[in-house]
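Number of protein chains: 2
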Amino acid sequence: MTIERLVAGVDVGGTNIEVGLVGPDHEVVDRAKSDIPTGGPDAVMGRINELVQSLSEPAAAVGVGFPGVVHRGKVLTVPNLANWFEPVDVGSVLNQMMGVPVAVGNDADVGLLGEWYAGAARGVDNVLGVWMGTGIGGSFILDGRPFNGSRGGAGEIGHIIVRPGGALCGCGRRGCIEAYAGRRMMSRAATELVEAGRTTSLFDLRDQMGKEHLTSRVWARALEDGDPVATELVDLAIETLGIGLGSVVNATDVELVVIGGGFSQKLGQPLADRIGRAAAPWTIRPNPDLRWVRASLGDSSGVVGAASIGRAELRRAG
Amino acid sequence: MTIERLVAGVDVGGTNIEVGLVGPDHEVVDRAKSDIPTGGPDAVMGRINELVQSLSEPAAAVGVGFPGVVHRGKVLTVPNLANWFEPVDVGSVLNQMMGVPVAVGNDADVGLLGEWYAGAARGVDNVLGVWMGTGIGGSFILDGRPFNGSRGGAGEIGHIIVRPGGALCGCGRRGCIEAYAGRRMMSRAATELVEAGRTTSLFDLRDQMGKEHLTSRVWARALEDGDPVATELVDLAIETLGIGLGSVVNATDVELVVIGGGFSQKLGQPLADRIGRAAAPWTIRPNPDLRWVRASLGDSSGVVGAASIGRAELRRAG
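Protein chains in written order, with our numbering: chain A, 1 to 318; chain B, 319 to 636.
Simulated from the structure, these hints should not be mistaken for lab results. Backbone N, C-alpha and C define an ideal beta-carbon position, used for all residues, glycine too. Careful, some of the hints might be misleading.
Stated by the list, open to error - Here are the simulated distance ranges between beta carbons:
(1) B:K392 / A:R122: 55 to 63 Å
(2) B:D543 / A:E192: 46 to 54 Å
(3) A:G123 / B:R323: 36 to 44 Å
To be verified - Computed list of lysine to aspartate or glutamate pairs in DMTMM-like fashion (alpha-carbon distance at most 20 Å, straight line):
(4) A:K266 / A:D30
(5) A:K266 / A:D225
(6) A:K74 / B:D348
(7) B:K392 / A:D289
(8) A:K74 / B:D607
(9) B:K392 / B:E375
(10) B:K392 / A:E255
(11) B:K584 / B:E550
To be verified - Example chain B residues on the side facing chain A (calculated, C-beta under 10 Å, incomplete):
(12) V387
(13) L446
(14) D461
(15) R481
(16) T558
(17) E573
(18) W600
(19) D607
(20) V611
Modelling step: build the complete structure from the supplied sequences, incorporating the hints.
Below, the structure is given as structure tokens:
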């Protein structure tokens, strides 16, 4: 009986909160979505509660993926949410608010869990998940189980240093993978190239498509049109990811790299293929069985994975 | 009774084979040592057998650490041993030769096992072991157990790319950690600096100390003397290790880094401290509990760890 119940999976991203009502076979039977309130922790948790309550049926448990370091249910750091400055025990607060078991994890970690339970990584024991969006996130399945590190921080591949002294990253360092391959930093690089006299259709496309930022869809369209600035910056992003992920493959000997996030959804398997080819020269002992594939659940990886930790919490709670 | 028996641990390094007869509390009760024969696999395995037979008491099992990729008892690749060109089932061959259970692992992996069971990493769940010698080896304990990757290749940190297009590495790539911090490549850099007109005491010290190569002891002496070439190259090695290991810490969130190998033995805890300080600026979310310590078993890490896998094999064999 218990296992038949529906569980809510909540994916708190850089700009939206997505909620899915998920069944025991990882099927998403209802959805809700909102932008992220800027009022800090209470506003974000209130919105999560509203979204879950708005679903077509009550959820027996809730799992939440957060864009920050999460350790034992506590959200320790959240670099990209407005007015969120200190650790919050999100699990306890939401549990009190909603009266059902609540589990909280890192967004990249629950995204990979979704792919591992129901998507491109199903049945694979050693997996690196790479999430290409506003920033670059990562997560591991190692030896057949999720690996989160000593304090929940494992998988922070966006800040692997590929070019010391190179491009400035949002984290303040120079030469991180994210400085070249994170969408926010790529947009900044496009702006700088325009200021330096280059021409690009990126910003016109953004306006035509009614977007505030250079979204993945804007980049994909510019690439289709052969825009030279977009092409150059995406080439550099892929080359940089190849070097950095080649190093991660050397260190961890995973057998599968899953590429997810907005960029992956828009550019598809050809993006994963290109990253794999870019990494090959940097891997010390090429594994003929190593595969590079795009996430197969699209924008559902996060809600499915978040629901899976909610369901595990439900089982633990009896 | 079984658990009281003595087990042989064999550490096949870049230049020597070290054998220890190890008791149930990881104590080394006898030792034997030889250089490595250059005649290929049969010669190496024959020498291992001779060394084990030369110990003061018979070994109930044998564990061997090999400098190469080892997967399920097979030595797949051995880049640094003469005339060893193809995969060899070392476990089966030695078992037939010696008539006792034999286990085979990677040298960096068994070295870290030694430190984990009986040295600086005892009781720690997430550990990176770094072995500074002829090359740079690495190994992981993750979530409280050894992590070897999908094909036994995990921990290959020496070929993490820190400076793409930088110094040429022995692996043929440019910019690997090992290109700056492996002793063989550091010696080559010293030779090049001398050819370019710099002066150093390194080669005179080598001759005075009766060594064929610039050993760790030679480097340590030159540093003590304030030799500018040695100082500059060791500074660069530490800076490079800091960047690369900072990236590994970002990706894995380990709580302990153990620095072992010849360099660590000669330069001690101050070397580990310097590497930790060099890594700090590159870690995205500094863990206040992260420690950098030198391997505490000295040149016994490998034989103690090798004996531990031999003992585990003995238990499995009943």
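Here is what the structure says about each hint:
no. : hint                        : result
1   : B:K392 / A:R122: 55 to 63 Å : violated (28 Å)
2   : B:D543 / A:E192: 46 to 54 Å : holds (48 Å)
3   : A:G123 / B:R323: 36 to 44 Å : holds (40 Å)
4   : A:K266 / A:D30              : violated (23 Å)
5   : A:K266 / A:D225             : holds (14 Å)
6   : A:K74 / B:D348              : violated (51 Å)
7   : B:K392 / A:D289             : holds (18 Å)
8   : A:K74 / B:D607              : holds (18 Å)
9   : B:K392 / B:E375             : violated (27 Å)
10  : B:K392 / A:E255             : holds (19 Å)
11  : B:K584 / B:E550             : holds (18 Å)
12  : V387                        : holds (6 Å)
13  : L446                        : holds (9 Å)
14  : D461                        : holds (6 Å)
15  : R481                        : holds (7 Å)
16  : T558                        : holds (9 Å)
17  : E573                        : holds (4 Å)
18  : W600                        : holds (6 Å)
19  : D607                        : holds (7 Å)
20  : V611                        : violated (15 Å)
Of the numbered hints stated above, those contradicted by the structure are hints 1, 4, 6, 9, 20, listed in ascending order.
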